[in-house]
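Engineer: Protein chains in written order, with this note's numbering: chain Y, 19 to 253; chain V, -5 to 237.
These are computed hints drawn from the structure, not numbers from a lab. Among the clues, some could well be false.
Which bits of chain V does chain Y cover? Going by a derived footprint, with three or more residues having C-beta under 8 Å, they are [said to hold, decoys possible]:
hint: 1; stretch: 5 to 18
hint: 2; stretch: 79 to 86
hint: 3; stretch: 146 to 157
Glycine included, each C-beta is placed from N, C-alpha and C at the ideal position.
Each chain is listed here by its residues.
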Amino acid sequence: MIKVEDLRRSFGPIKAVDGISFEVEKGQVLGFLGPNGAGKSTAMKMLVCFLKPDSGTAKICGHDIIKDSIAVRRSLGYLAENAPAYGEMTVASFLTFVCDARGIAPAARKDAIERVINMCSIKNVYHQPIETLSKGYKRRVGLAQCLIHNPPVLILDEPTDGLDPNQKYEVRQLINSMAKDKCILISTHILDEVEAICTRSIIVNRGKIVADDTPAKLKEKHGGTFEEVFRKITR
Amino acid sequence: MSGFTAVCKREFKGYFATPVAYVFLIIFLAAAGYLPFKDRFFDFRQADMRLFFKWLPVLYIFMVPSVAMRLWAEERRSGSIELLFTLPITVWQAVLGKFLAAWFFLAIALALTFPMPITVCYLGDPDMGQIITGYMGALLMAGAYLAVGCFFSALTRNQVISFILSVVACSVLYSIGLPSSIDALNTILPGQLVGAIEKLSFENHFESMQRGVIQLSDLGFFAVIISGWVWACTLILEERKAQ
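Taking the hints into account, I'd like the entire structure generated from these sequences.
Structural biologist: Structure representation (structure tokens):
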């Protein structure tokens, strides 16, 4: 469902993403790992059509990110780093705006909103302006907006960053519950999370893929804990 | 189309979700009402709105950029531009949606100056055609100023810089038609070039509409100016939305 072909992007002399290629199928939860500045977010931004690649391309559900970016954006849900939203809007009006923008018919809107507010546990802040919410709630509102159209592909940039342990557990449960029906790409720094929810992990360093396997197999191959493996590979 | 409507609706409601709309409306209406009277409106003893329309372009130089500055600069600052352009919305739909929402807001501000024509009608027997074409011209000119502001808002994430650049650009586009500017330009540039520059002035095209004359050339001028700046704004966003 995600097919990345030799994707490259530079910022001046810095090669942020340097020819990465991989495929992710339905039912897979791919952990996209790497140290800060490795190119994870840049690669994700290209996959969601926010940033144009210098060369290479990718296909999401068969749609090309360069030639058919609207179809790509329709078929995926994206949670950006820091979960940006319109602070002055209430959660209710924000989710209605996302429904409008995604062309969800008014008849289906109530069900769609009710489904995501229950999934993301945001019912008690539904009428509150987003700027008054805690970081954890803001992130859950971000998750709700990317799930509202029930997309087949999810791209989540650090979905549990800023959440307390209970909230982290809930989000992991949520991702696990959706895993078999969707194709999920997660960027994270929390290595425990990768072992808990990811069926496969790709480690990126200086814009290149340096490891691609299941967390268990990577541990077996390199020896030690997953954190030690990560340090060894990205040193 | 859903993207355009969604952005337009959100943007328009956004003005009223914060004090921005109310602060703008109060200052705009107070200034639009005060300036003609400061110019001895009653002493002219004429039932027309010439003095009101005379000050409007000057007022717009400061007021319209204050509406336009947040359009894109705020999206960049808060990072919500990443959310917006990862929804299935084209850059054109988003730019037009925001532009029309802001233009509609300015139309409301202009409509709220209704006590002025009512006062003129009460005091005398004005030429209503002239007043109506004056308002049409004022709305078109607001659109032109707004398109300029929209472009500069897309250039930066800082609203203050966006505001200053827009004010400077709008001042230039207003003042190049003034006799003092023409005289100054005549001393350094050939006459034909000055004539061409003079035709770019907002004021010249607005003036004939104030007199009740609707010329295709004036309508065309505002249409070209608005679409040109809006198109430039779209180009900037296409290229630099992620920066």
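Engineer: Which of the listed hints are not met by the structure?
Structural biologist: Number 3 only.
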